[in-house]
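Undergrad: Here is how the chains run, residue by residue.
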Amino acid sequence: MRRLLVLACRAFPREHRARRSDEVVDTALLVAEGSTWRAAREAYSLVVAGGRERLRAESQRPLRDGLPLLAGVLAVVNLAVALAGISLSVDPPRIEILAPAGFFRNLYVAELWWIAFSLAAVAIVLGLVLGNRNLAFSAALANLGIVAYEAFFFSPRFRGHLNALVYYRWGFDYRWDGFPVGREWLAPAVLLALVTACAPLRRLPLWRFVLALAAGVLLVAISREISGGYLFLLWPLAAIVALAMAFGWLVRRLAVVALGVLLAVSPSVVASVTTAPAYHAPFFWVVASGFAVAVLPPLAYLTRRRLA
Amino acid sequence: MEIRRSTYFVLAALLDGPLHGYGIIRRAADLSDGDVRLSTGTLFGALDRLVESGLVEAGEEEKVEGRVRRAYTLTQDGHAALAAEAGRLRRAARVVEARVARAAT
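In order, the protein sequence lines correspond to chains A and B.
For the first sequence, my numbering gives the first residue as 1, with consecutive numbering after it.
For the second sequence, my numbering gives the first residue as 1, with consecutive numbering after it.
Pulled out of the complex, with its shape left as it was, chain B reads as follows:
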């Protein structure tokens, strides 16, 4: 299963532990050096799909400082899917890097 770039970074953001929506957006931006700036619509669209496919688990709603939020946790399946996607990207990058290096010599 191929994972979109934004979804990849949503999953990656949850590797270090559960986060709420805004936390995921900030973490994804940090991990991608500011390259991936998730909008709220994209984030919740991705979370809906991930929760539905069992890659992410949504916690209970809570109110903190007057704001409603919910923590999202990566599941075992989510870990596996993320690792598989990282492997696929690594292999794809290796192919190109080898060819680029050969072309340079």
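Here chain A stands alone, though its shape is the one from the complex:
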């Protein structure tokens, strides 16, 4: 029963006495009078009260507290892009018992560029979890350098590091399996470096690192189901913006994250609108209008208090 009540107290903010002292749990145990059913009822009441307390605490948080969350979201998505690049053309290994020589027919070679990108992405996440700004920021700068190198030297020619993986076939028959980073990832990389530099960081439990890796891998799994490169990021990012539109007035950190995400994808939207073929133009104008509308609610949530 105590463990259940202690678990329920985790609904309260970290700094609340329900998390720091046994007073609340001991009172709930007395009220439960040894009955498991009553203990469950008390646990439920603690979860509700904890949720309320969190919302109350959220409304008093400074906007700057949204930056670590934004850094976390961008770092996980950045990691997913890097891992997706490496894994794009990797199929489950084939076991050809009858023709063992065929086992070596398909060789996958991940380019150093993608390996460096992935390492930088992992280092950013690790730095954020450890609350180590030196590590997070220097990794974010390295990440920016890697992405900028790609954007400025290779992107227009659609060669080299644009390709996630070089897919070799035996002999001279090979093809490039592209996963364009292009210049679109430059804006998120710049934003990630800036946010990492100024976000108030604190050390988090290490399981958050595992969670971030799992989230990155999950995004990669989605990317493999939905072809079309970065389109796989559209839905998680749209979900974040939708969440901010719905709950940003309660949790203003979400509004900060949504604005950051929208800022990060804005070059892609502008590029899509300005370079779309004529027959696609109406679709992209709808996308651009939706984008403009999506910016308004989070912006309103953030400016409301300053105007009041």
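To be clear, the hints were calculated from the coordinates, so they are not data collected in a lab.
Hints may contain errors.
What the hints assert, rightly or not - Stretch-level coverage of chain B by chain A, calculated; a stretch enters the list once three of its residues show a Cβ under 8 angstroms from a Cβ in chain A:
id: 1; segment: 21–28
id: 2; segment: 32–45
id: 3; segment: 65–73
Computed from a predicted model, the values in this text were never measured in an experiment.
Cβ coordinates follow ideal geometry from the N, Cα and C atoms, glycine included.
Following the hints, complete the assembly by docking chain B onto the known chain A.
TA: Just chain B, lined up with the frame of chain A:
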């Protein structure tokens, strides 16, 4: 300032002197003839707000028979707020009672 019913009975429970959390729950149930059964979540939510607004004062934590507890005391402001709320309820009840009596005659 209007006070919620549960908060009203939390304040009322402290009228006779300082009490710890479980004591407040029991006292509130007694005062309301079992009508107000505060859950732990409701109690500590109310206490948080009352302490923050200066109506109740939280004492130091102590360990009694292996259980951690803390005594809560009604402040002067708490007394005043409770008296004001009781007056408001009394006036509201008087209005309705007078009308009900008139309607009955």
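Undergrad: Hint by hint, note whether the structure agrees.
TA: Each hint tested on the structure:
no., hint, in the structure
1, 21–28, "holds (count 3)"
2, 32–45, "holds (count 7)"
3, 65–73, "holds (count 4)"
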